[in-house]
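Asker: These protein sequence lines are chains A and B, in that order. Going by my numbering, the first sequence wraps up at 461, each residue one higher than the last. Going by my numbering, the second sequence wraps up at 461, each residue one higher than the last.
Rather than coming from a laboratory, the hints here were simulated on the basis of the structure. Hints are not guaranteed to be accurate.
Which chain B residues stay away from chain A? Per the calculated CB distances, all over 12 angstroms, these [what the hints assert, rightly or not]: (1) M29; (2) D69; (3) D138; (4) Y143; (5) Q147; (6) V179; (7) I182; (8) D232; (9) A251; (10) F272; (11) K315; (12) G364; (13) D368; (14) S391; (15) K406; (16) R421.
Restraint ranges, calculated between C-beta atoms of paired labels, are given here [as the list claims (entries may be wrong)]: (17) B:E27 with A:E271: 47 to 53 angstroms; (18) B:E253 with A:L39: 55 to 61 angstroms; (19) B:G459 with A:S408: 50 to 56 angstroms; (20) A:V100 with B:G79: 46 to 52 angstroms; (21) B:G396 with A:K315: 39 to 45 angstroms; (22) A:G79 with B:S24: 54 to 60 angstroms; (23) B:E27 with A:G79: 49 to 55 angstroms; (24) A:Q28 with B:E347: 34 to 40 angstroms; (25) A:K461 with B:E375: 34 to 40 angstroms.
Ideal Cβ positions, reconstructed from N, Cα and C, are used throughout, including at glycine.
Listed here are the chains, written in short residue letters.
There are 2 protein chains.
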Amino acid sequence: MIRLPIIALLLCLQTTLLAQNTTSTDEQMIRNFYDLSLLDGQSYNWLDYLSNEIGGRLSGSKQAQMAVDYTKVELDKLGLDKVWLQPVMVPHWIRGRQEVAWFNDSSGVRKNVNVCALGGSIGANTGEVGVIEVQGIDDLARYGRKQIEGKIVFYNRPMQANLINTFQAYGGCVDQRHVGAIEAQKFGAVGVVVRSMNLRQDDYPHTGAMSYGELAPEDRIPAVAISTNDADALSTAIKSKTDVVFSIDIACETLPDVQSYNVIGEITGTEFPDKYFVVGGHLDSWDTGDGAHDDGAGCMQSMEVLRLLKNANYKPKHSIRVVLFMNEENGLRGGTEYAKVAQDKGENHVFALESDAGGFTPLGFSFDCDDANFEQVLSWKPLFEPYLTQSFTRGGSGADIGPLKKESGIVLSGLRPDSQRYFDYHHSPNDTFDAINKRELELGAAAMTSLVYLFDKYGIK
Amino acid sequence: MIRLPIIALLLCLQTTLLAQNTTSTDEQMIRNFYDLSLLDGQSYNWLDYLSNEIGGRLSGSKQAQMAVDYTKVELDKLGLDKVWLQPVMVPHWIRGRQEVAWFNDSSGVRKNVNVCALGGSIGANTGEVGVIEVQGIDDLARYGRKQIEGKIVFYNRPMQANLINTFQAYGGCVDQRHVGAIEAQKFGAVGVVVRSMNLRQDDYPHTGAMSYGELAPEDRIPAVAISTNDADALSTAIKSKTDVVFSIDIACETLPDVQSYNVIGEITGTEFPDKYFVVGGHLDSWDTGDGAHDDGAGCMQSMEVLRLLKNANYKPKHSIRVVLFMNEENGLRGGTEYAKVAQDKGENHVFALESDAGGFTPLGFSFDCDDANFEQVLSWKPLFEPYLTQSFTRGGSGADIGPLKKESGIVLSGLRPDSQRYFDYHHSPNDTFDAINKRELELGAAAMTSLVYLFDKYGIK
Numbered sequence: 001m002i003r004l005p006i007i008a009l010l011l012c013l014q015t016t017l018l019a020q021n022t023t024s025t026d027e028q029m030i031r032n033f034y035d036l037s038l039l040d041g042q043s044y045n046w047l048d049y050l051s052n053e054i055g056g057r058l059s060g061s062k063q064a065q066m067a068v069d070y071t072k073v074e075l076d077k078l079g080l081d082k083v084w085l086q087p088v089m090v091p092h093w094i095r096g097r098q099e100v101a102w103f104n105d106s107s108g109v110r111k112n113v114n115v116c117a118l119g120g121s122i123g124a125n126t127g128e129v130g131v132i133e134v135q136g137i138d139d140l141a142r143y144g145r146k147q148i149e150g151k152i153v154f155y156n157r158p159m160q161a162n163l164i165n166t167f168q169a170y171g172g173c174v175d176q177r178h179v180g181a182i183e184a185q186k187f188g189a190v191g192v193v194v195r196s197m198n199l200r201q202d203d204y205p206h207t208g209a210m211s212y213g214e215l216a217p218e219d220r221i222p223a224v225a226i227s228t229n230d231a232d233a234l235s236t237a238i239k240s241k242t243d244v245v246f247s248i249d250i251a252c253e254t255l256p257d258v259q260s261y262n263v264i265g266e267i268t269g270t271e272f273p274d275k276y277f278v279v280g281g282h283l284d285s286w287d288t289g290d291g292a293h294d295d296g297a298g299c300m301q302s303m304e305v306l307r308l309l310k311n312a313n314y315k316p317k318h319s320i321r322v323v324l325f326m327n328e329e330n331g332l333r334g335g336t337e338y339a340k341v342a343q344d345k346g347e348n349h350v351f352a353l354e355s356d357a358g359g360f361t362p363l364g365f366s367f368d369c370d371d372a373n374f375e376q377v378l379s380w381k382p383l384f385e386p387y388l389t390q391s392f393t394r395g396g397s398g399a400d401i402g403p404l405k406k407e408s409g410i411v412l413s414g415l416r417p418d419s420q421r422y423f424d425y426h427h428s429p430n431d432t433f434d435a436i437n438k439r440e441l442e443l444g445a446a447a448m449t450s451l452v453y454l455f456d457k458y459g460i461k
Numbered sequence: 001m002i003r004l005p006i007i008a009l010l011l012c013l014q015t016t017l018l019a020q021n022t023t024s025t026d027e028q029m030i031r032n033f034y035d036l037s038l039l040d041g042q043s044y045n046w047l048d049y050l051s052n053e054i055g056g057r058l059s060g061s062k063q064a065q066m067a068v069d070y071t072k073v074e075l076d077k078l079g080l081d082k083v084w085l086q087p088v089m090v091p092h093w094i095r096g097r098q099e100v101a102w103f104n105d106s107s108g109v110r111k112n113v114n115v116c117a118l119g120g121s122i123g124a125n126t127g128e129v130g131v132i133e134v135q136g137i138d139d140l141a142r143y144g145r146k147q148i149e150g151k152i153v154f155y156n157r158p159m160q161a162n163l164i165n166t167f168q169a170y171g172g173c174v175d176q177r178h179v180g181a182i183e184a185q186k187f188g189a190v191g192v193v194v195r196s197m198n199l200r201q202d203d204y205p206h207t208g209a210m211s212y213g214e215l216a217p218e219d220r221i222p223a224v225a226i227s228t229n230d231a232d233a234l235s236t237a238i239k240s241k242t243d244v245v246f247s248i249d250i251a252c253e254t255l256p257d258v259q260s261y262n263v264i265g266e267i268t269g270t271e272f273p274d275k276y277f278v279v280g281g282h283l284d285s286w287d288t289g290d291g292a293h294d295d296g297a298g299c300m301q302s303m304e305v306l307r308l309l310k311n312a313n314y315k316p317k318h319s320i321r322v323v324l325f326m327n328e329e330n331g332l333r334g335g336t337e338y339a340k341v342a343q344d345k346g347e348n349h350v351f352a353l354e355s356d357a358g359g360f361t362p363l364g365f366s367f368d369c370d371d372a373n374f375e376q377v378l379s380w381k382p383l384f385e386p387y388l389t390q391s392f393t394r395g396g397s398g399a400d401i402g403p404l405k406k407e408s409g410i411v412l413s414g415l416r417p418d419s420q421r422y423f424d425y426h427h428s429p430n431d432t433f434d435a436i437n438k439r440e441l442e443l444g445a446a447a448m449t450s451l452v453y454l455f456d457k458y459g460i461k
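Please work from the sequences and hints to get the whole structure.
Answerer: Take a look at the structure:
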């Protein structure tokens, strides 16, 4: 009766000490990642080069290729076990010369407006035609062909400012941009103008992908985004007079597909080299800004994850790959190809983390995984609390890693930064390096590294 | 044996329903505050005027008086029960003409540097004198009078970038600014240059209050802040050559005290009119920027709290006052006077909330209160979670409301926004309206209103 309790006590003590040691090791390791990122980080310098020396990196462009070359060179410098380029054919849409658009304002005077072609739009010059304002796709049927035919449809439903998560507000509007043209064409529209997905009032038009679906080339109509200030001016003009005309003159073209690449670096696992972790973002961006937030930030943070693991002298059990995906913005070819190659090779991917929500203060992560793994994540909350990045939610992850999803056995995760400012810059000429805060970027990289470390150490359930 | 359980069950049910109703009322009320703030807020427009039409509002300046007049007029428009000015004499320090400072760089060529006088500094022209770099007050004794006498002391200890809470990093450096001059003078220094309290590398000098303590006027030495870029350049020069000279030429003056005011508005309580809540910020600011973040944001958010309560048609039980305190930056005369008058009149203040940490995304509140009230606050977490503002910590509140502190019976609280960007702007020429994000400001105002509402409804424990 005496020995058992003593043994039990000793076992208990050992377990407690072990638990304390483990926790303390984890605390120290995570502290180390943050110190390395905040005191001696590379993500900000890399992003400076990518944004200011290369700039906007639309798929198929010279800049996209420069970004591939640059990140390959930088990954080579890190002393990873492997660095390679994964070929992928990408669409090659070009904007052409500066877009021109105007309407006649309430006094009848021509007012030039800030527009940009939506990604994928045909080039066209509509000439001056009538314009009809709608609040969304559903309005089209209400007005009918009689009122729409021969006109430009102006989609003006704004993002809902009282939603706290701005991605939700974006989700509530983006159908106008994505399928606005194909739907308006069914009613005989000759072009569409879409209010920029922007919660601010300013003069920047925000581009983004649109689709013609199966529409025959000769039936396609041009599509542009208009700045929020000019959307309001146009709406005011339409309300105050009946004969408003609008003109769109854009010169975009879709050229043949181009050879491009996903950029990949790997630290090969010590215990489970055949189980793969992916951490990534997308290397392509829209062309009007320099793509610092979308998604230069996520790419540089992902490269930084591998650099921090190495500099902390942590040898992962699993093989950890950074993947800089090509063509998220207008095709998702890179993400699709990466998953296809992985499947063809029978590579067992067990974890993927994407950062593609801007380089803002990280608040936590979202997880697309089973209950057991989410429970495990919740148990790590105390480790993230000192860094104010403990908001763990279930939900989506990232577009590029989406194709890796399978029935079970993989955890998909997305870094979730503060979303309040994201749509001020998203797909806009002001998505530039000066909108990046160094600390916010570095905190994200450290948080991502910490999550990768914990999943690597404790495994996928 | 049957009746009791049934009664218990019914009671239980009633309590549950009541709790649900209460929660649901609270949820609706808070949702309403956020909708009013984000869809139809005034804080951003008010701050636009205060920042761009009035500008920097140093105590005793014409702009400070304009800010008093403007906010009084705006509060008058809100239909509060009372609006008044509370007289307070304030210091009147002026910067004078643009500061000039230089050193001879490693090639011996004169390099002009970006400096600004610290608030309270005397005006002086040191001429070219030697300069000695130190990492803090403690270094002075190490070097001793022999190496310091006749020289300028250059305090160059940077903010610690790996601290997550940037206010903690600020706290670790600000002694150099506050008492650097008085301490250096003891060793015969003729002036001090202090590295700006800024986590970024840039060209802005950051001012702030300094003190001469009891030092006789004739013994006082000039004190300036230097930008982080120029601090690094100066340090490099000092390390690379031995005969670096530095020159400070500044023209500040302390003039006689000036009549100024706290601006106060009140909604008188329906049940406890003699129990007072205060919500406020400080109306004065430094003069080099326009004081948008520090603390125009906090003032406009505080005014917005009363506007939102009124527009939501909520009639508070307690008397709720907005107080725009004068002279936080270089004297705290407004906060001190408000507390003194309250005490003289026997006004029972039970709650005070200050916003003075910038108009950034709110993450939560800190509380200086007893256990019972903090427990109550923790029970409200679920109400704040949808708004991502549920980080409730114990700790400080705000400088202006500090003098209201008493042994018991008052809850002091501070809005705690994301701190990552605050010291990019704090006391600097770039603390301007363009650094304000409308949504972030409005979220703070809504969060503050929600907290005031809950404490008003459920009372102080």
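Asker: Each hint should be assessed against the structure and marked as holding or not.
Answerer: Now for the hints, and whether the structure bears them out:
1. M29: For B:M29, whose nearest Cβ neighbour in chain A is about 15 angstroms away, the distance exceeds 12 angstroms, so it holds.
2. D69: holds, 28 angstroms
3. D138: holds, 22 angstroms
4. Y143: holds, 27 angstroms
5. Q147: holds, 30 angstroms
6. V179: holds, 27 angstroms
7. I182: With a cut-off of 12 angstroms, B:I182 remains clear of chain A, as the shortest Cβ separation is near 31 angstroms.
8. D232: At roughly 15 angstroms from the nearest Cβ of chain A, B:D232 sits farther out than 12 angstroms, so the non-interface label holds.
9. A251: Label holds. Min Cβ-Cβ 33 angstroms, cutoff 12 angstroms.
10. F272: Fine: 32 angstroms to the nearest Cβ keeps B:F272 off the interface.
11. K315: Holds: least Cβ distance 24 angstroms, greater than 12 angstroms.
12. G364: Since the minimum Cβ distance to chain A is about 10 angstroms, B:G364 lies within 12 angstroms and the statement is violated.
13. D368: Correct as stated: the minimum Cβ-Cβ distance to chain A is 20 angstroms, above 12 angstroms.
14. S391: violated, 7 angstroms
15. K406: The assertion about B:K406 holds, with a minimum of 31 angstroms to chain A.
16. R421: violated, 6 angstroms
17. B:E27 with A:E271: 47 to 53 angstroms: holds, 48 angstroms
18. B:E253 with A:L39: 55 to 61 angstroms: The hinted range 55 to 61 angstroms is violated for B:E253 and A:L39, with Cβ atoms some 41 angstroms apart.
19. B:G459 with A:S408: 50 to 56 angstroms: holds, 51 angstroms
20. A:V100 with B:G79: 46 to 52 angstroms: At roughly 49 angstroms between Cβ atoms, B:G79 and A:V100 fall inside 46 to 52 angstroms, so the hint holds.
21. B:G396 with A:K315: 39 to 45 angstroms: Since the Cβ atoms of B:G396 and A:K315 sit about 43 angstroms apart, the hinted range of 39 to 45 angstroms holds.
22. A:G79 with B:S24: 54 to 60 angstroms: holds, 58 angstroms
23. B:E27 with A:G79: 49 to 55 angstroms: holds, 53 angstroms
24. A:Q28 with B:E347: 34 to 40 angstroms: Taking Cβ atoms as reference, A:Q28 and B:E347 lie about 51 angstroms apart, which means the hint is violated.
25. A:K461 with B:E375: 34 to 40 angstroms: holds, 35 angstroms
When held up to the earlier numbered hints, the structure conflicts with 12, 14, 16, 18, 24 and fits the remainder.
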